[in-house]
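Chain A is fixed; fit chain B onto it per the hints.
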Amino acid sequence: MSAMQLLRFSTAGSVDDGKSTLIGRLLVETNSVFEDQLASVKKSGVNRSTGPIDLSLLTDGLRAEREQGITIDVAYRYFSTPRRKFIIGDTPGHEQYTRNMATGASTAGLTIILIDARKGVLPQSRRHAFIASLLGIPHIAVAVNKMDLVEFSQSVFERIREDFTSFAKSVGLRNLTFFPVSALDGDNIVTLSPRTPWFEGKPLLAHLETVPVAEDRNFEELRFPVQYVIRPTLDFRGYAGQLAAGTLRAGDEVMALPSGRVTRVKEIPSFDGPVAEAFTPMSVTVVLEDEIDLSRGDMLVDPNHVPHVSRRFGAKLVWMHQDAGGVDKTYLLKHTTQTVPAEIRRIRHRVDVSTLAHIETSELGLNDIAAVAMETRRPLFFDAYAKNRHTGGFVLIDPLTNLTVAAGMIEESTADNVAPLNLRDLQFTGELDGEASGRLTNAERYARAGHYPATLWLTARRDVAYLVERKLFDLGCQVHVLADDSDSHLLPELARVLNNAGLIAICSIASPDAGERDRAERFTAPNRFLEVSAKGLPASDEEAAEWVLKLLEDRGVLRRKDRFTQGEGI
Amino acid sequence: MHIMREVVAEFAKPVMLYSIGKDSSVMVRLAQKAFYPAKLPFPLLHVDTTYKFAEMIEFRDQFCKEIGAELIVHTNRKAIEDGANPFALGTSKCCALLKTRALLDALAEGGFDAAFGGARRDEEKSRAKERVFSFRDKFGQWDPKNQRPELWNIYNAKIEKGETIRVFPLSNWTENDVWNYIHLEKIPIVPLYFAKEREFVIRDNQLIPTEHNMPLREGEVPQRVMSRMRSLGCTYCTGAIRSEAGTLPEIVDELLEFRRSERENRIIDHDQEGSMELKKREGYF
Numbered sequence: 001m002s003a004m005q006l007l008r009f010s011t012a013g014s015v016d017d018g019k020s021t022l023i024g025r026l027l028v029e030t031n032s033v034f035e036d037q038l039a040s041v042k043k044s045g046v047n048r049s050t051g052p053i054d055l056s057l058l059t060d061g062l063r064a065e066r067e068q069g070i071t072i073d074v075a076y077r078y079f080s081t082p083r084r085k086f087i088i089g090d091t092p093g094h095e096q097y098t099r100n101m102a103t104g105a106s107t108a109g110l111t112i113i114l115i116d117a118r119k120g121v122l123p124q125s126r127r128h129a130f131i132a133s134l135l136g137i138p139h140i141a142v143a144v145n146k147m148d149l150v151e152f153s154q155s156v157f158e159r160i161r162e163d164f165t166s167f168a169k170s171v172g173l174r175n176l177t178f179f180p181v182s183a184l185d186g187d188n189i190v191t192l193s194p195r196t197p198w199f200e201g202k203p204l205l206a207h208l209e210t211v212p213v214a215e216d217r218n219f220e221e222l223r224f225p226v227q228y229v230i231r232p233t234l235d236f237r238g239y240a241g242q243l244a245a246g247t248l249r250a251g252d253e254v255m256a257l258p259s260g261r262v263t264r265v266k267e268i269p270s271f272d273g274p275v276a277e278a279f280t281p282m283s284v285t286v287v288l289e290d291e292i293d294l295s296r297g298d299m300l301v302d303p304n305h306v307p308h309v310s311r312r313f314g315a316k317l318v319w320m321h322q323d324a325g326g327v328d329k330t331y332l333l334k335h336t337t338q339t340v341p342a343e344i345r346r347i348r349h350r351v352d353v354s355t356l357a358h359i360e361t362s363e364l365g366l367n368d369i370a371a372v373a374m375e376t377r378r379p380l381f382f383d384a385y386a387k388n389r390h391t392g393g394f395v396l397i398d399p400l401t402n403l404t405v406a407a408g409m410i411e412e413s414t415a416d417n418v419a420p421l422n423l424r425d426l427q428f429t430g431e432l433d434g435e436a437s438g439r440l441t442n443a444e445r446y447a448r449a450g451h452y453p454a455t456l457w458l459t460a461r462r463d464v465a466y467l468v469e470r471k472l473f474d475l476g477c478q479v480h481v482l483a484d485d486s487d488s489h490l491l492p493e494l495a496r497v498l499n500n501a502g503l504i505a506i507c508s509i510a511s512p513d514a515g516e517r518d519r520a521e522r523f524t525a526p527n528r529f530l531e532v533s534a535k536g537l538p539a540s541d542e543e544a545a546e547w548v549l550k551l552l553e554d555r556g557v558l559r560r561k562d563r564f565t566q567g568e569g570i
Numbered sequence: 571m572h573i574m575r576e577v578v579a580e581f582a583k584p585v586m587l588y589s590i591g592k593d594s595s596v597m598v599r600l601a602q603k604a605f606y607p608a609k610l611p612f613p614l615l616h617v618d619t620t621y622k623f624a625e626m627i628e629f630r631d632q633f634c635k636e637i638g639a640e641l642i643v644h645t646n647r648k649a650i651e652d653g654a655n656p657f658a659l660g661t662s663k664c665c666a667l668l669k670t671r672a673l674l675d676a677l678a679e680g681g682f683d684a685a686f687g688g689a690r691r692d693e694e695k696s697r698a699k700e701r702v703f704s705f706r707d708k709f710g711q712w713d714p715k716n717q718r719p720e721l722w723n724i725y726n727a728k729i730e731k732g733e734t735i736r737v738f739p740l741s742n743w744t745e746n747d748v749w750n751y752i753h754l755e756k757i758p759i760v761p762l763y764f765a766k767e768r769e770f771v772i773r774d775n776q777l778i779p780t781e782h783n784m785p786l787r788e789g790e791v792p793q794r795v796m797s798r799m800r801s802l803g804c805t806y807c808t809g810a811i812r813s814e815a816g817t818l819p820e821i822v823d824e825l826l827e828f829r830r831s832e833r834e835n836r837i838i839d840h841d842q843e844g845s846m847e848l849k850k851r852e853g854y855f
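From first to last, the protein sequence lines stand for chains A and B.
So the first sequence is numbered by my numbering: it starts at 1 and just counts up by one.
So the second sequence is numbered by my numbering: it starts at 571 and just counts up by one.
The following block holds chain A by itself, in its conformation from the complex (with noise of 0.2 Å):
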């Protein structure tokens, strides 16, 4: 397409704000109105504004909303200056729909807020302003309307820029430009209007026209999603996706993720011919150097600038759902080109959208925005979404009514809003799916060992403890002893860490410490976890051993018969 510069900008304002009529305002002026349309907004025969046409009739595009009168969800819209391309994301005020703010805006690299003169800065007009530093918008215009009813006057103007700007900087907005206007007649929205002499700024449509556009792109650290891998012939295997930053040409060295494996861009092969040098946010296909089995979910990184790899991270949700959310449920998350399992492990704090406070939850509702810690079955290569709004941003998806019921955020990481440390669901993830990929199960592991990884809580006479682990090594199990002679606290992980590896874990405790106990039994699979104290264990250390080994075979971790049928005098 041509080479003029684009800029996405989306709209926001409360009900009755003159919305559509500021849209109608620069689309008509900017003549990109037809004569066909405005007659058939001339013979609708509504007209809910006072001058002499409808101008919001132009963009209120559904029958339900005409009927309504206000605008119910996200409309696109067009036009263009000599200067440049415009697409506007027409998205409403009201509450219920806050969700479709969040829509318009999350490509937007500007967003006119609308004011009421009359009224000033109202509880939505907050909720934009948060909504807008939230999705990481690097502009805004706060479009101050319906000056003709104020009388154009300053000291109203000012004192909505001031409260506006306040709440803006509570909230991390940067780069606000202030706009007194009146979308009905024209004031200060192409033309500076002789109405407000005391304005000293620009008219709205020469700032829409040269406000930057690029400097949300980042062209330093590569990040290629596999999108789609293209195989037309057995010896040609081309990823194809869109580049999220970075740039890629023939030579470049990549990594490949999650395997970590580094190789070159052979060539960027297309309908055109080779491209000399692909950029964010062109659409490519890659053929790599080595035989690198990548496919849809993997990304190609900068070797030297590796994204986070986790599984756990934090992030701020908007809840665009009447289904409630909570942490008691799995949704399906998706993020660049990875559709992965997913939940909600803790709830942080609900925002207060008015205040800022934050409040304590334990579900999430339609249009509430919170801070969670989030956990996926499958490690996301991510940047933190204020870095880049591609690669950190991801929405959940309701497996159950297939709706898209969330958008996310991702966080810088930090120890407070990382999911904390649970691996209890790890004991299953073999279990899950590791037909699928070929990883080891639970079931392998046992067939190997002869056992089930257990983990035995010994709160006394370390003897035993030895004792134990030479007659189960002795039968042929795998087993270690960890004892607290240092005041580590970490026997519970380490425990963990060995039952994972198909171990019998004997944990042998000088100091009790009940936190400790009830953490390794946590982590333990349920009937799993056997707690020894010194009372009732017989006198003698054979014979206290011989009893733990009773224990272990009845609680069904140990079964001797199976596998030990000669010479063990049982």
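Think of the hints as simulated: they come from the structure by calculation, not from any bench.
Quick caveat, the model's predicted, so the values are computed rather than measured.
Among these hints, one or two may not hold up.
Said to hold, decoys possible - Lysine-lysine pairs mimicking PhoX-like chemistry, simulated, CA-CA at most 25 Å apart:
1) A:K316 x A:K169
2) A:K471 x A:K550
3) A:K202 x A:K85
4) B:K715 x B:K728
5) B:K603 x B:K756
6) A:K266 x B:K603
7) A:K316 x B:K728
8) B:K728 x A:K329
9) A:K119 x A:K169
10) B:K728 x B:K583
11) B:K609 x B:K756
12) A:K85 x B:K756
13) B:K648 x B:K635
14) B:K756 x B:K635
15) A:K169 x A:K387
16) A:K266 x B:K609
17) B:K603 x B:K583
18) A:K329 x B:K731
Same frame as chain A, now just chain B:
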């Protein structure tokens, strides 16, 4: 390209609606680029009402042969045998049977779970609200109040069996973009888009082509007019515009001068106020 690859990666059996118009030509070119050096990984589907311009059909067959695309042509034979035609039924009913019904049948017969369409948001008001991935229920219907939010370039492609997704890769293109792209890429298009003397009757200020034996009203005399088509459909429903523009640059220049919208000459859009939205709810593209 990103959108097309996403569909092919996520769906079992996609298809591309091919209307022979300029937007279809652009879509096919984008698909060729998206999957180069492989062939198109999906067939093209043309819903033929049998009331298209002969020049369109000729172009379609030639074009598909040249690029090696698999073409499926579907017609609602039963309705045509029952006598469905725009002159007798009126455009609204005719369109329901020969386009909307035929399209839904073709999608169901082929077992297609995703269908690309060339619709653009700048064409018509209800289209401006359409998502790029537009969910349709088991009956092919669109619910504008219950659309999935679409953020960044992440598209939710989850559907149940029987449900489908309509995909609009050209959502954010304007008529101008389409013509510029055709010009830059030298994409072949139906000659009807270029000005030439053609035969019409003039009815309600519209130039209506007389092809397919259109019954004339009393006093109507076909006349030859220098004209071109701005968008293409069935002969009876596609009014032409008076134009001298015989080359792509002339068309682009002419567009800049235009004060009237592209679909103004499409009779079906105006048969009721809000009529495109009603058709879309029923399953029209």
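Do the hints match the structure? See the list:
no.	hint	verdict
1	A:K316 x A:K169	holds, 19 Å
2	A:K471 x A:K550	holds, 12 Å
3	A:K202 x A:K85	holds, 19 Å
4	B:K715 x B:K728	holds, 19 Å
5	B:K603 x B:K756	holds, 14 Å
6	A:K266 x B:K603	holds, 19 Å
7	A:K316 x B:K728	holds, 23 Å
8	B:K728 x A:K329	holds, 18 Å
9	A:K119 x A:K169	holds, 21 Å
10	B:K728 x B:K583	holds, 14 Å
11	B:K609 x B:K756	holds, 20 Å
12	A:K85 x B:K756	holds, 23 Å
13	B:K648 x B:K635	violated, 28 Å
14	B:K756 x B:K635	holds, 18 Å
15	A:K169 x A:K387	holds, 19 Å
16	A:K266 x B:K609	holds, 22 Å
17	B:K603 x B:K583	holds, 20 Å
18	A:K329 x B:K731	holds, 23 Å
When the structure is compared with the earlier hints, a violation turns up for hint 13 alone.
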